[in-house]
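Visitor: When you get a sec, could you build the whole thing from the sequences and use the hints?
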Amino acid sequence: MTVTTEIGKPRARKEDARLVTGQTNWTDNIVLPGMVHVAYLRSPMAHARITSVDVSAARGTSGVIAAFSGADFAAEQGSLPCAWPVTPDIVIPAHPPMATDEVRYVGEIVACVVARDRYAAADALELIDVEYEPLPAVLDMEAALAEGSPKVHEAGNKSFVWPFAQGDVDAAFRDAPVVIERTYRQQRLIPCAMEPRATVAAMVGDEITLWTATQIPHVLRFLIAAVLGIPEQNIRVIAPDVGGGFGSKLQVTAEEFLAVLLARKLGRPVKWTESRSEGNLAVHHGRDQLQRIKVAADRDGRLRGLSVDLLADMGAYLMLVTPGVPLLGAFMYPAIYKMDAYSFKCTGVFTTKMPTDAYRGAGRPEATYAIEHVMDDLAAELGMDPLELRKRNWITHEEFPFTSIAGLTYDSGNYEAATAKAVELFGYDDLRKEQAARRESGDPIQLGIGISTFTEMCGLAPSRVLGSLAYGAGGWEHAAVRMLPTGKVEVVTGSSAHGQGHETAWSQIVADRLGVPFEDIRVLHGDTLVSPKGMDTYGSRSLTVGGIAVVGACDKVIEKAKTIAAGLLEVSSDDLEWTPGRWSVRGDPEQGRSIAEISLATFAAHNLPDGVEPSLDSESTYDPNNFSFPHGTHLCAVEVDTETGQVKIRSYVAVDDVGVVVNPVIVEGQVHGGLAQGIAQALYEEAAYDADGNLLTTTLADYLIPSAADLPTFVTERTETPSTTNPLGVKGVGEAGTIASTPAVVDAVIDALRPLGVTDVQMPCTAERVWRAINEAKGDAR
Amino acid sequence: MTKVSMTIDGVRYDDEVEPRMLLVHYLRDVAGRTGTPIGCDTSNCGACTVLLNGLSAKSCSVLAVQADDAEITTIQGMANGEWHPLQQAFHEEHALQCGYCTPGMIMAAADLLRDNPDPTEQEVREGLEGNLCRCTGYQNIVRAVMRAAGASQGAAS
Chain A
1 MTVTTEIGKP RARKEDARLV TGQTNWTDNI VLPGMVHVAY LRSPMAHARI TSVDVSAARG
61 TSGVIAAFSG ADFAAEQGSL PCAWPVTPDI VIPAHPPMAT DEVRYVGEIV ACVVARDRYA
121 AADALELIDV EYEPLPAVLD MEAALAEGSP KVHEAGNKSF VWPFAQGDVD AAFRDAPVVI
181 ERTYRQQRLI PCAMEPRATV AAMVGDEITL WTATQIPHVL RFLIAAVLGI PEQNIRVIAP
241 DVGGGFGSKL QVTAEEFLAV LLARKLGRPV KWTESRSEGN LAVHHGRDQL QRIKVAADRD
301 GRLRGLSVDL LADMGAYLML VTPGVPLLGA FMYPAIYKMD AYSFKCTGVF TTKMPTDAYR
361 GAGRPEATYA IEHVMDDLAA ELGMDPLELR KRNWITHEEF PFTSIAGLTY DSGNYEAATA
421 KAVELFGYDD LRKEQAARRE SGDPIQLGIG ISTFTEMCGL APSRVLGSLA YGAGGWEHAA
481 VRMLPTGKVE VVTGSSAHGQ GHETAWSQIV ADRLGVPFED IRVLHGDTLV SPKGMDTYGS
541 RSLTVGGIAV VGACDKVIEK AKTIAAGLLE VSSDDLEWTP GRWSVRGDPE QGRSIAEISL
601 ATFAAHNLPD GVEPSLDSES TYDPNNFSFP HGTHLCAVEV DTETGQVKIR SYVAVDDVGV
661 VVNPVIVEGQ VHGGLAQGIA QALYEEAAYD ADGNLLTTTL ADYLIPSAAD LPTFVTERTE
721 TPSTTNPLGV KGVGEAGTIA STPAVVDAVI DALRPLGVTD VQMPCTAERV WRAINEAKGD
781 AR
Chain B
1 MTKVSMTIDG VRYDDEVEPR MLLVHYLRDV AGRTGTPIGC DTSNCGACTV LLNGLSAKSC
61 SVLAVQADDA EITTIQGMAN GEWHPLQQAF HEEHALQCGY CTPGMIMAAA DLLRDNPDPT
121 EQEVREGLEG NLCRCTGYQN IVRAVMRAAG ASQGAAS
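Just so you know, the protein sequences line up as chains A and B, in that order.
Read in order, the letters of the first sequence correspond to residues 1 to 782 in this note's numbering.
Read in order, the letters of the second sequence correspond to residues 1 to 157 in this note's numbering.
Read the hints as simulated data drawn from the structure, not as lab findings.
Here the structure is a predicted model, which is why all the values come from computation and not from measurement.
Check before you lean on any hint, since a few could be wrong.
Just a few of them, taken from the derived set where beta-carbon distance is under 7 Å, the chain A residues facing chain B [stated by the list, open to error]:
| hint | residue |
| --- | --- |
| 1 | L19 |
| 2 | V20 |
| 3 | N29 |
| 4 | P33 |
| 5 | G34 |
| 6 | E559 |
| 7 | P664 |
| 8 | V665 |
| 9 | A691 |
| 10 | I705 |
The beta-carbon is built from N, C-alpha and C at its ideal position, and this holds for glycine as well.
Guide: Put into C-alpha cells, the structure is as follows:
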C-alpha cells in the first residue's frame, strides 16, 4: 500500500482553534435551565465514627433546595467499585460515596447541600453539624502491618498479598559474589490536572445525562449501570473538553455517583465543581510505596537475580484500579536487563489517607525508579561506570523478540542505538571529565550524572492478559469511519482525549489510509451517544490500541469501496488497484473512481451491485495481542551546591524510541510534559500528612508543581524501532517522560554526592533534604 | 448587593452583585465569558489571568466590585478578526495540550511582552512563573512567547 506523507508529518493541532480562543466547553461552563449547585461537607478527621449529622439548619437557609447526609443515600448509593480484585482473597471494603457511620480519611464526604448558586451552597455547609467520635489514625504502612495496630477496617489493614516468581531465586542469591539490598520510598503525589473535577447531571424522564471531567466515559457509564442499577441504555455520559487527567480522571468518583442520585432525587439538573483545595484532598493520589529491592550479581557486573518486596499504600479504600497499580510495576522491575531469576511480592496496605490509584505511569515509574537506582548503587559497589554496567546486562538488539524474566515478550528495541545517540548529544565523556575535575578541586558545586535506560509496557492491553490478572474488563478499543456523501469523513473513536491531540493524530491516520485531505476529516469522541463503544484513555493506549482500531475501520471502508467501484466501472474487483484515495483499473489508471465519487454513488445507491448495502461506513474493534514496549535513554546532569543543598538541572537529554511516529510535534510535547512530571517527583512534589492524618499540602502554595522558571530546556531526540505487533508500528508515548526522568534526576543528585559519602536522598530532593544528607554523611547530623 | 459597571472585551456590563463575588465568577457566571477558567483557589496557578486596564491580573484574586469602571480583556477578546500573534504562536509551537492553562498563559504573556517586548528565554520563564501548566513542561510555551515577540518586533520594524 502506498503511504502518503501524513504519517510523521508535524501537523499543528485541530483542537487548538477552540482552546486558544476561549471557545472551550469545560464541564464547569455548562449551564442548564433550572440547574442547582452542590457543595460537599468533608471529614476533618482522618478516622472517626460519625455519631450524628444534623443538616436541618442548612435546609432552612435562603437559596438552599436540599441538604442530605449519608443516611439519606444509604439505600441507593451502593459502593464505589474496584475493578481489579488482584487476588481471590483480597479485602475490598465497602466504600459508600457518602459516609454513613465511619470516616477513614480527611476529605471523605459526610454531607451535602444543594443550593441556587455556589456561594449559597458553600455558606450552608457551615450550618451542618456533625458529631465525630475520634478513632486512631493509621498513617505508616509498616506500623499498620504490625501486631496490635489500630485497624482501618474491621478486616484489618492488609488488603492482599500478590506474589510472583520466575527462575530459581534462592540459587541466584546463594553464593552470589555481590548482593546489595536497598529500601526506597516512593512518596505520595497529587496528580493536579489543571482542570479541577466537575460534574453536571440531568435527568429527563428515565434518561440521565452526565457531563463530567473524566478520562473514561464508557467505563463510567457501565459502572453507573452496574452499581446503581440504572438501566445502561438510559445513561449517557459526556466528557466535554477535559483539562488534563494523568490518571486522576481514570476514576469512578463519589461525586459522580452522588450527582446522578441528586439529579434523580431532586428532578433538577445539578452541578458540582471542586475547588483546588478540595481536589488535593479528594482526587485520588499516586505512588506511595515502600520498595525493598535486593540484587545479586557477579563481580563483572552480570546480574544473577532480583528480588522485590513492596508495600503499597492503598489509602483508606480500593478505588477503580488501586490494587492493580503496583502490579503493573511488577512486570517492569527487570526492565531491559537479562537475569536468571526474579521474585516480587506486593502487600497492599490500608491507611487512613486518601486512596491511591493510577497516576501517570501507574506502577511503572515506581519500578523503573527502583531498578535504575539500584543499578547505580550496584555500579558504585562494583566501582564500575553505571553506563558500562547497563551495557553488560541489557538485551542486545539482535536478541529481539526477547522474553523477559517477568514473562513479557518485548517485540523490538534497540537500546544500543538510543544510548549511543543520548551519550553523544549529552557529551557524556566531557561531563565525566568535568565531574572528576570538580571532585579533584573540592568545588563546592559538584556535578552529578544520572542515567535512565528505561523501558515500559504500554498499549494496555491484551484482554486475555488482563483477564489472567483478574482485571474486570478487556483492553480492546473501538472505532468507526463514516463516509459522508460529499466525500468528507467522520471518525468515531472510543479513545477519550483530554489533551492528547487525538483529533489531529486520528485525522492523520485516516488521511494516510483513505487518501482524503486532513482537513476533510472530523474526529468524534467523548460522548457515549456519539461514540457508543470504548475502553477510553489511559496507559499510553490511545494510539497503540485506539489508533489501530481506526486503521481497521479505514481498511474495511476501502474494501467496501472496492466492490462498489467495480460495479460503477463495470469491471471485476480483481482488476482494481488502490492508491490512497482512489480505486482504478490496473494498467489503466485513468479508469477509476475517487473515494469521494464512490461515497456519492453509494449515497445515491442507483446502481450498486446486487446484494451490496448502500453504505461505506464501517466499524472495527481491535484487541492487541501484546503490549508495546517504548524505551529510551535519558541522561541528566545536575549541579549540586554542597553548601546549601540546592540542586540545579544543568542539562537533560532524552532519546526516546516510541516506534513509528504519527505526529512528531505531539510526541515531543508528550515527552516534555512527562519529563516535567517525573522531575517534579524527583525534586519538588510530595503530598504530606501530619501525625493526625491531616493533609498539609491542600493548596498549590504548599504542593509545589514546577513553574517555567523551575525547569530546564530539554534536548529531545528519537530513534525509531517499529513495533512489530501492530500495523502502524507505534508504541505509545504518554508516560515515557515521567517513567524515565525521576531516576535520571535523583541518580544525578546522588552521583554528585557519592564522594561525600551520600548514598541516598529521599525524594523529593529538596535543598533541605540534600543539605541534611551531606551533613549526615559528614557525621554532623542536626 | 452592589452596582458594578465594567467593559469586558469591548462590551459594557452593568449588574448588581454580592460584594464578595470574585471577578472570575462574575466573568463566568454573570457575564457568561467562560473562556477564562479557574484552576485553583490560592492565586497560584494563573489560569484565570485577564487584562485589567491593560495589566495582567488573576481574576480569582480580584473582587468584581474592585473592577468597577475597569476595562477587562479576556482570552475571548484577544482575536481581532484574526488571531492575536500569541494565539497564533501557541498554535504553531504546540504550546498547549489540554488547553486549560492556555487562556491565562496567553494573557500573562501579553502583559509580559507589553512590559518587555524583546525578552530573553530566561526572562520569559521567570515572567510566566505565576502561571502553571501540567501538560507541556513549558518548553513550547516559552518558544511560542519568543516567537510572538519576534513577530511583533518584525511587524514594528
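Visitor: It remains to establish, for every hint, whether it holds in the given structure.
Guide: Now the hints, each set against the structure:
no., hint, result
1, L19, "holds, 3 Å"
2, V20, "holds, 4 Å"
3, N29, "holds, 4 Å"
4, P33, "violated, 15 Å"
5, G34, "violated, 15 Å"
6, E559, "violated, 35 Å"
7, P664, "violated, 10 Å"
8, V665, "holds, 5 Å"
9, A691, "violated, 24 Å"
10, I705, "holds, 5 Å"
In summary, the structure is inconsistent with hints 4, 5, 6, 7, 9 from the numbered list given earlier, while agreeing with the others.
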